[in-house]
Amino acid sequence: MIATQSDAYQESFAAFQADQSATSPAWLNEARQTAWDRFLERGLPTRRDEDWRFTPVASLAGRNYRNVQSLSLASDTVETLLQRAKLDDDFHRLVFVNGHYVEGASSHQDLPEGVVVENLASSIREGRDLAEQLLTQPVGKEESAFTDLNTAFASDGAVIDVADGVTLDRPVHLIFLSVEDGPTACHPRNLIRLGNGSSATVVESYHGRDGDGYFTNAVTQIELAEQANLDHHKLQHEQRDSLHIASSHIDQKEHSRFCSHYFSFGAELARNELNCILDGEEIVSTLNGLYMPTGEQLMDCRTRIDHAKPNCNTYELYKGILDDRARGVFNGKIFVHQDAQKTDAKQSNQALLLSDDAVVNTKPQLEIYADDVKCTHGATIGELDEQALYYLRSRGIPESLARKMLIFAFANDVVQGVEVPAVVQHLEAILLSSHGLPDV
Amino acid sequence: MLEIKNLHARSEDTEILRGINLSVAAGEVHAIMGPNGSGKSTLAHVLAGREDYEITEGEVTYDGKDLLDMEIEERAAEGVFLAYQYPVEISGVSNKYFLKAAINSIHKYRDEPVISRKDFVALLKEKLELLGMDKSMMDRSVNEGFSGGEKKRNEILQMAMLEPKLAVLDETDSGLDIDALKIVSEGVNALRSPERAIIVVTHYQRLLEYIVPDKVHVLAGGKIVRSGDKSLALELEDKGYSFLQSGAETVAAG
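Protein chains in written order, with the UniProt record's numbering: chain G, 1 to 440; chain L, 1 to 254.
Since the hints were derived computationally from the structure, they do not count as laboratory data.
Glycine included, every Cβ here is placed at the ideal spot set by N, Cα and C.
Check before you lean on any hint, since a few could be wrong.
[Claimed, not checked] Far from chain L, some chain G residues (derived; all Cβ distances over 12 Å):
(1) 15
(2) 19
(3) 31
(4) 58
(5) 83
(6) 101
(7) 170
(8) 213
(9) 344
(10) 356
(11) 385
(12) 387
(13) 411
(14) 412
(15) 413
(16) 429
[As the list claims (entries may be wrong)] Below, computed lysine-lysine pairings styled on PhoX-like, alpha-carbon distance capped at 20 Å:
(17) 404/G / 108/L
(18) 151/L / 5/L
(19) 100/L / 404/G
(20) 125/L / 135/L
(21) 165/L / 108/L
(22) 404/G / 96/L
(23) 65/L / 96/L
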């Protein structure tokens, strides 16, 4: 057999299974093994795969990462990263370190009746149906080697389960930290289920320590029942030498509303996939994103929306600001299936290149099988507007501030789409420190 | 205040200004008229510092300093202001932030204390009233979605806020109806003072009925071919620009 890069995980998977199989339920052992076999069969993607053409992931993903089975908890690193990640002390907070839930760092506010906010390992231990149901079914339409790898190593993550008609009063903040020594990998698996007419706000934050590089491979599965309403935020702040691969799989029923806000700042290579299945009428989905790679960073943003039923609206706005030798990839797939008449789908990807060496590859991909639909897409790639710079400077504004003003203005509509004040403040602080506006 | 000597400027391969000589003293209002393509707007932008033009010959002295040696923002901070013929729309930057950033950038350049929020609001209110503008416009993005008249008014508002020493108005009358023209002219006239010089660039004489100039110059083919008092503008209105062709040769020959 030819050695492949997926062999890098062989040893850690054997150790993981040996450690887990005695205590895990049979269905989970089986799901892990099945996923592992599929992972081996698929192998890590190469640039020959159309979906990875601009994203050479093999060398980073094929490193010999250690799966952290038990935490040594270098506590001051955890504390430092936690301070950086925290948004608001009033939020429900679940903290995961190298993939493992850390009770001591988490904080539980009173939860309304009918709401479960806990970690996946607890859900599995307690035999919750949600865990078994989601871990044993395919994760949406875009399964990949990485979702398989995640299932093979699935052991912990966040579980948010909201009963019919319940509104989760405050945001749930999920914080994922990588702090252990050496090149480590973690595979958080998050499950979110909102019952009929319920609503919730979730924020995922990813941070890590400087060092030998690490790999976060996250999967989030989301099920929204009729008239459910989820506001989802992701703040990707991984360390510069890390690999971040994540996918979210959203299944929406009638009259539900999903809003995703993705902000990507960290990692050496970050790939984020959002796969939305609109399986009901009158659904509204909004996917907003802002990615800001600098240096040698590569950020790959992918969205896939399946309009399966009539009368649904989707709005998509992704903006990239690329500096130095950074690379960006945007791929937006929209499938309008035969039944999905009266679909209204709007997609826009705009990229601002601040350097001659920055590159962005953008690809809208619309496949429409219904005849009475409105689908628009647009992609623009540009530099800072020279006319605008001249205008600002001719009013006495120094060039550096003028540039900041234009960059901030470009990014700002994505930031202002966020409805959680603590998240907006957090983002504004970042924009202010890097490209943003001083108080004048 | 402003001394232009033998100024030549080109854009790519085309020479647009071919030896401009002009002297403007503090307290004066000069009008520069001329047919389309004569170089009026180029002259205005060369003074503001637009980088698309290459200065091939000549010099410009402003307040005793070499204007051409200054960065764009430095010129503004030294008191040069250009009211654009086509003001630029800047999506996502509010007028209010823009004006405050401009004022305080200039203050910082001059080592003056920054303007307080309260003083800024009071000053803005006063100038908005002068130009008959609604304060809600200040929360909107710079010039975005403004009508032609609103944009021109916004230019004059900026001028009123920044209180320049040398103001250059580039075709401020174009696209204005008579009511807007009167308001804009009143705004400009309010700024006339013994310390300030104003250069009005225009194709038509109409604006000069409201902003009465001390001197009128006619620009053709990249040179000033005639200079005179305000009656020159009326003569142009009467005879059109075509009679200048011979005039240009006369000047060249003389």
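Okay, the hints, checked on the actual structure:
no.: 1; hint: 15; verdict: 52 Å, holds
no.: 2; hint: 19; verdict: 52 Å, holds
no.: 3; hint: 31; verdict: 47 Å, holds
no.: 4; hint: 58; verdict: 39 Å, holds
no.: 5; hint: 83; verdict: 31 Å, holds
no.: 6; hint: 101; verdict: 41 Å, holds
no.: 7; hint: 170; verdict: 30 Å, holds
no.: 8; hint: 213; verdict: 36 Å, holds
no.: 9; hint: 344; verdict: 24 Å, holds
no.: 10; hint: 356; verdict: 18 Å, holds
no.: 11; hint: 385; verdict: 8 Å, violated
no.: 12; hint: 387; verdict: 5 Å, violated
no.: 13; hint: 411; verdict: 8 Å, violated
no.: 14; hint: 412; verdict: 5 Å, violated
no.: 15; hint: 413; verdict: 7 Å, violated
no.: 16; hint: 429; verdict: 18 Å, holds
no.: 17; hint: 404/G / 108/L; verdict: 18 Å, holds
no.: 18; hint: 151/L / 5/L; verdict: 33 Å, violated
no.: 19; hint: 100/L / 404/G; verdict: 15 Å, holds
no.: 20; hint: 125/L / 135/L; verdict: 7 Å, holds
no.: 21; hint: 165/L / 108/L; verdict: 17 Å, holds
no.: 22; hint: 404/G / 96/L; verdict: 16 Å, holds
no.: 23; hint: 65/L / 96/L; verdict: 31 Å, violated
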